[in-house]
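Asks: The lines below spell out each chain.
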Amino acid sequence: MGEDGKLADYAAEQRQENDARKQKAVEMSAKQRDISVAEFFEKNRHLLGFDNKRKALLTTVKEAVDNSLDACEEAGILPEILVEIVDMENDRFRIIVEDNGPGIVKKQIPNIFAKLLYGSKFHSLRQSLTADQPVLVEKEGSVALEPIGTLVDRFCPGEGDEDISGKGWRVPCFDRENYAYAFKPVSKVIKHRRAHEIIEVKTRYGKSIKVTGCHSLFSLDPQTLEVKEVAARKLKEGDYVIAPKKLPEPEQKSDINILEALPPQALKKQWWYVYGEREAIKSLFARATTVHKKKSGDKSRKYYRFTKGKERIDILDDTYKQYVTKGFIPARLARTFSSALDQAFFEQARIRSHHHGKTYEVPIIWPLTSELMAFLGLFVAEGHTDSRQVGLTFGRHEKELVAKVQSFALSHGLSMTLEDRPEKNSLRVKLFGGIISTLLREWCGQRAENKRIPSFVFSASNELRQTFIDHLYLGDGHSAKGSNSLMHSTVSKRLADELNYLWLLQGVHAAQYQKPGGTLGKTSKPSFVTSVYGEDINQSNLFSTSKRTQQPINDQFISKWLARNGLGSSREHAEAYLRLFLMLERSASYPLISEMMRQEKPGYKLRHLQEQDIITRSGTMFMLTKKGLLLQQQVRNLSTFAQSDLTLLEVTDTVVCDEGDEWVYDLSVPGAENFVGGTGGIACHNSRGQQGIGISASVMYGQLTTGRPARITSRIAGDPAHYYELKLNTQKNQPEVLADQVKEWTGKEHGTRIEIDLEASYQKGWQSVDEYLKQTAIVNPHVTLIYTNPKAEQFIFPRAIESLPELPKEIKPHPYGVELGMLMKMLQWTETRTLKSFLKEDFSRVGSKAADEILGNARLSPDAKPRKLGREEAEKLIAGIRETKLMMPPTDCISPIGEEALVKGLKKEVNAEFYAACARPPAVYRGNPFVIEAAIAYGGNQHAEGPVTIMRFANKVPLLYQQGACAVTESIAKTTWKSYGLQQSGSNIPQGPATLLVHMASGWVPFTSEAKEALAHYPEIIKETKLALQEVGRKLSRYTSKKRKVSDELKKRSYIEKYIPHLAAALKELLSLSDAEESMLEEELKSLLEKHRGEVEDVEFDPSKNVEYDEEFASIGREEEEVEE
Amino acid sequence: MSAAMDQVDKEVVQKMTAYAKAIHDAIKKGEKPVISSPIRSLSNVSYNLKNGYFELGGSMKSRSLGASTVKGFAQTLLMMNEAKKVVETEDIMTKREAYYVSKNWGDAKFNEQPESDGVMDDIEAMMRVLREELGFIPEEDGGAVAGNLVIIDRDPDTDADVRIDCAKFASGAYSIPSNVEHFKFETNAQFILAVETAGMFQRLVKHKYYQKANCVLVSLKGVPSRATRRFIKRLSAEKDLPVYVFTDGDPYGYGSIYRTLKVGSGNAAHVNEYFCVPHAKFIGITPQDIIDYKLPSHPLKEVDVKKIKDLVKNDPFIQAHKQWQKALTDMAKMKVRAEQQALAKWGLNYVIDTYLPEKMKKQETWLP
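First to last, the protein sequences are chains A and B.
Take the first sequence: its letter number 462 is residue 462 in my numbering, and every next letter is one higher.
Take the second sequence: its letter number 246 is residue 246 in my numbering, and every next letter is one higher.
Note that these hints are calculated values from the structure, not bench results.
All values reported here derive from a predicted model rather than from experimental measurement.
Among the hints, erroneous ones may be present.
Claimed, not checked - Capping the alpha-carbon separation at 30 Å, the derived lysine-lysine pairs in DSSO-like fashion look like this:
(1) A:Lys1052 <-> B:Lys313
(2) B:Lys28 <-> B:Lys85
(3) B:Lys168 <-> A:Lys1086
Said to hold, decoys possible - Pairwise CB distance ranges, derived in the manner of DEER restraints:
(4) A:Lys228 <-> B:Glu302: 36 to 46 Å
(5) A:Ile801 <-> B:Glu112: 34 to 44 Å
(6) B:Glu112 <-> A:Thr976: 55 to 65 Å
(7) A:Ser1047 <-> B:Pro114: 25 to 35 Å
We put the CB at the ideal spot given by N, CA and C, even for glycine.
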């Protein structure tokens, strides 16, 4: 391996991501938030593997045993691990785990066991949006479309999460029960480093969202048609994602206070005064403190002092007197201390300012009127500001619009000029004054590319919002005459995004697309077009069309689905079917149904339904078949969905981008766990990951539930043993050492022993500690495990192999798995000077020849400077790599179990007739080499009915939970087992007397979540798993077909034996033969029929043949089978 | 009944013994014995226009003794042995009884009656004898007879003649027994009218149609049993009476009931010459009748459509008669069928007063 520093860093970074246990506690502590860890733990215990008492027990044992195994293997010691669980009664258990590892140095003990690491690692795998993705949020009645990054950065400067419940932030989300949209409070904002690829999901109407590949959106479950989360990376063209049909109505506003919009800096500079009621001004000053201060040389003077946070305003006594007499205060004071002034004051008050010597007054409270909305719409489309004036240009025929602006100016105390410019065929309207120009700049943005929609427009009534939209289109040059589309074009992406959401508030899915900038004209920037077609236009108060749009999206989906299932084509059909299905739920008689058919005329025929195997007839009664029942459920869900606040967007494209976006963001909405985001508004699921957070979480859990400290004994070879009692200071997240003493530890030269008391519950079964330890023993034949369960039953799993597995080596990435983002990173960091040496040095399995070949295929120069390579070249390089045949990555970086050990392990567990295993050659996903191993045990004393038993392992760790979500399960289901002699219906888990074991070994095993319970669905992993399974399948089929042949043969033989006497007896009677003749005839028949048959191989199952089988072992974890969750 | 076997019986026993001997000898020689019998299905029959019935073709199925055929061999020989015993004792055995007798055979016993029926048919076909001659009689009774006919039967105990006047059953009818070989007939009737359904037969009997039309009425009760067919064949042959068949207007009535009565079936092609009535004529509800008489109809069921297709495509009888092909194709196009009772639309006795007299007159409305 090359001693390349940068690359080592790179590898180190990977390692860091790979394994939380290897994180250095010191590094992490710098990033701790100051919320109490206990609080953190309470809120996240389900994420930490402490959802329930039963899981708490397993998690603790799992963490402790994993630690021990790692410590031993790294130190080159054959592990001997003792696990004891003692029932202390009242749901309390004591867990004792003792190993013969190298022991832990004293300094490290507190940090390892009693400090909760909940920094970057904890969130690094959570699901998130990129910073630029807009989300719709509401706070105190004001609605805004804000990039999630801006929103979250406000609270979270660095990595982590922040509780913002109670701060009044709300987001639209749909209820998981009834699919109704409403605004709900955000409890938490989350920010973390990106660890996954980013996927941009593009849908119909030009909508899109950028999320990490694991982040879920929502879709319809293809089986049940229920709304269900789906990971972005699993979406493909033609799938559907869910979006709100219409956004929920935000809290409505009827007026706005313009002072709130004027920025403090502007108020400091400008001589703007608020004229209002004198008594109110007096009472405001009554709340100020008085101070005396003197300026240099002067005498001391009295000041009224107002303080709010860091802001301090001192007002001279004399000035105050003037204010009271004349009834005004500086606008800055009124704004900063507005809470001390009541609404009544502001309603009366005016802001006075001067323009070219002329005084003018603007009201402070502006009611939201259609006049204001019309003006704003026109301005956003059309207008621009400079510091003192606002200009709008209209065509000379647009006198009506000019009149609207005029009437707005009049009612808001603004002076205005109108300039006719015949040469340009235009009318120029100017409004004067710093206040209006500042306001418009604050509300609507200053320049064309920054234009936006004032946030209060979102809080206006439906009708007013529409007025705004209408005038935006008018101002953009749309005539009110009938046309089948409304188009608004802007160079401001933000404006386009906001307009899209505003339409969504109106219940219209507008389409957005980007138009590349032209080379001619003023702007060469791309513009964003927001258009609305057909019937949707009639939502407008101004525009209308008589053209019909296509069916609503939901109806389209329903039609398609119904047609595919041969059930007609419209939503009415679906509803009619639903009624029929409901009727048939308990089976109905023919007259009843035919009566209903007569009333409904839904266009179905009973015979048709019978032919489709949807209903079945028994006598005169009709009932739903299995298929019919499924259809019924589907139709019901469809119908619910169609009437809900949700709609479907067809995915048109997904783009994987693997670069940039250092940070990704998420929101947490308790109860709903979804919000609306992206361009155009798509429903996002904020899923919570789960993870093991290390043994310290168990220490903490034990402490919280029993109040007892953790007891640790550790001995390093040559030193005396130390005994510690540790607690966690839950306020500071600091370890507290309660006891530290030297202790006699006889019979142990080195090792660690931990004792934790905790509240837990012990149950047997598939997801029990017993099962976990047993499976650990199966795939770790080099370990001796001695386990005593709470029922005081002791199990000894003796070591079967006297050698340690090869320790995995770190390797350079293999070119096949490198994605664009990673490649570009590597190109930046490399210390090599030429592209050729970059390929040779920084990758595994690339020699000089291979490098030349790659570069040849990529059409890149070997001497190119890696750091100067742009995106395009990097893409070429990737294409070049794909075209080049390379050696597979070395296997010494991973430690597979091996076919022999797999079969050995399985033989212990299952007494079967036949065993087979297959270890695949190493393959690569995302640059990570991995090995898939599979094994099967068939027949014997396994149940012939029901699905096969599946055992999953990742790096020799058994995976007990989330079988359904695992790539292994998917691979098994997608393999065709029928030809191998197992039963299988469709793409389901095969049935039959078999156990399938799959192990994935890799430097980095990708889990679907931090609970590390299921493998992620990478195509390469699924492909390899399938290949491994097919290989064991082929071996199995050789056995099953042999078995079938033999059993046929045996059957034939027994036939001959059985019927020959009858044949002879019949002939005897027919021909009146003697007894002797009869028996001779029998002999002759036998030799005649068995002449050509050879010896039969014995394939009978002999339970005693498998000497490895350990009945007691196999029964562990099987006593009370039950499935949790 | 005579105590000693008659000539026919002796021949049958000899045939069976010879068959068994051949198998025995093959075994003795160390050869695998072979049983062959003609294939009994429509594909192996031809419609002999001259004789007027289905004749068995030359295709044979042969089974040589082996592991998979040993059970069948044993069962065939055991069944043959039972038949031999029945013939030797001048007894009879119904198909159902034969099935129960097999329950004595241990492992070789039949599990379902169709298995034993099949073996019986095989024996019948491979030895070219009527199964009645083997002593096997069908379980089902024959049809019913009423009208201007006197049947002369024999008393089983005394062998004395017994005269049965078929006009004297009032509203009932004489039930045809399973064996009609010894019957003698006296009649002055003009023709035999075979009716598909018991309901229509009842109506014709109740209103003494046989007197009005001077005929013998036979109720077929669906596809006629062998006894019924044999009865009609013997009566019409001996007394030279034309036979008219009156069925529902549906493919079952045409292709199963009428066709079987007239030319036989594929399954029993080896014995057709004993049972068929080649000169029978169809005067039942034709597709044209459905139109002409404006009969209420039912849509064709899926099985009907299939049956029509099958008849047109595979049935040698239909293929030999263009008129039948046309009738069936018409029906397929009309997509409807009509029952005999549909005539009741015009009045309950319309069939007696109008339909039958009209049909008898108009030969052009008949089908061959």
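Asks: Now tell me if each hint is right for this structure.
Replies: Taking the hints in turn, this is what the structure says about them:
1. Distance restraint check for A:Lys1052 and B:Lys313: the Cα-Cα separation of roughly 40 Å exceeds the 30 Å cut-off, and the hinted pair is therefore not satisfied.
2. For the suggested pair B:Lys28 and B:Lys85, the alpha carbons sit about 25 Å apart, so the restraint of at most 30 Å is met.
3. Note on B:Lys168 and A:Lys1086: the hinted pairing is violated, with a Cα-Cα distance of about 64 Å set against a maximum of 30 Å.
4. A hinted range of 36 to 46 Å holds for the C-beta pair A:Lys228 and B:Glu302, which are about 40 Å apart.
5. For A:Ile801 paired with B:Glu112, a C-beta distance near 59 Å fails the hint of 34 to 44 Å.
6. Between B:Glu112 and A:Thr976, the C-beta spacing of about 37 Å breaks the proposed range 55 to 65 Å.
7. Between A:Ser1047 and B:Pro114 the Cβ separation comes to about 27 Å, which falls inside the hinted range of 25 to 35 Å.
The structure does not agree with the numbered hints 1, 3, 5, 6 stated previously, though it agrees with the rest.
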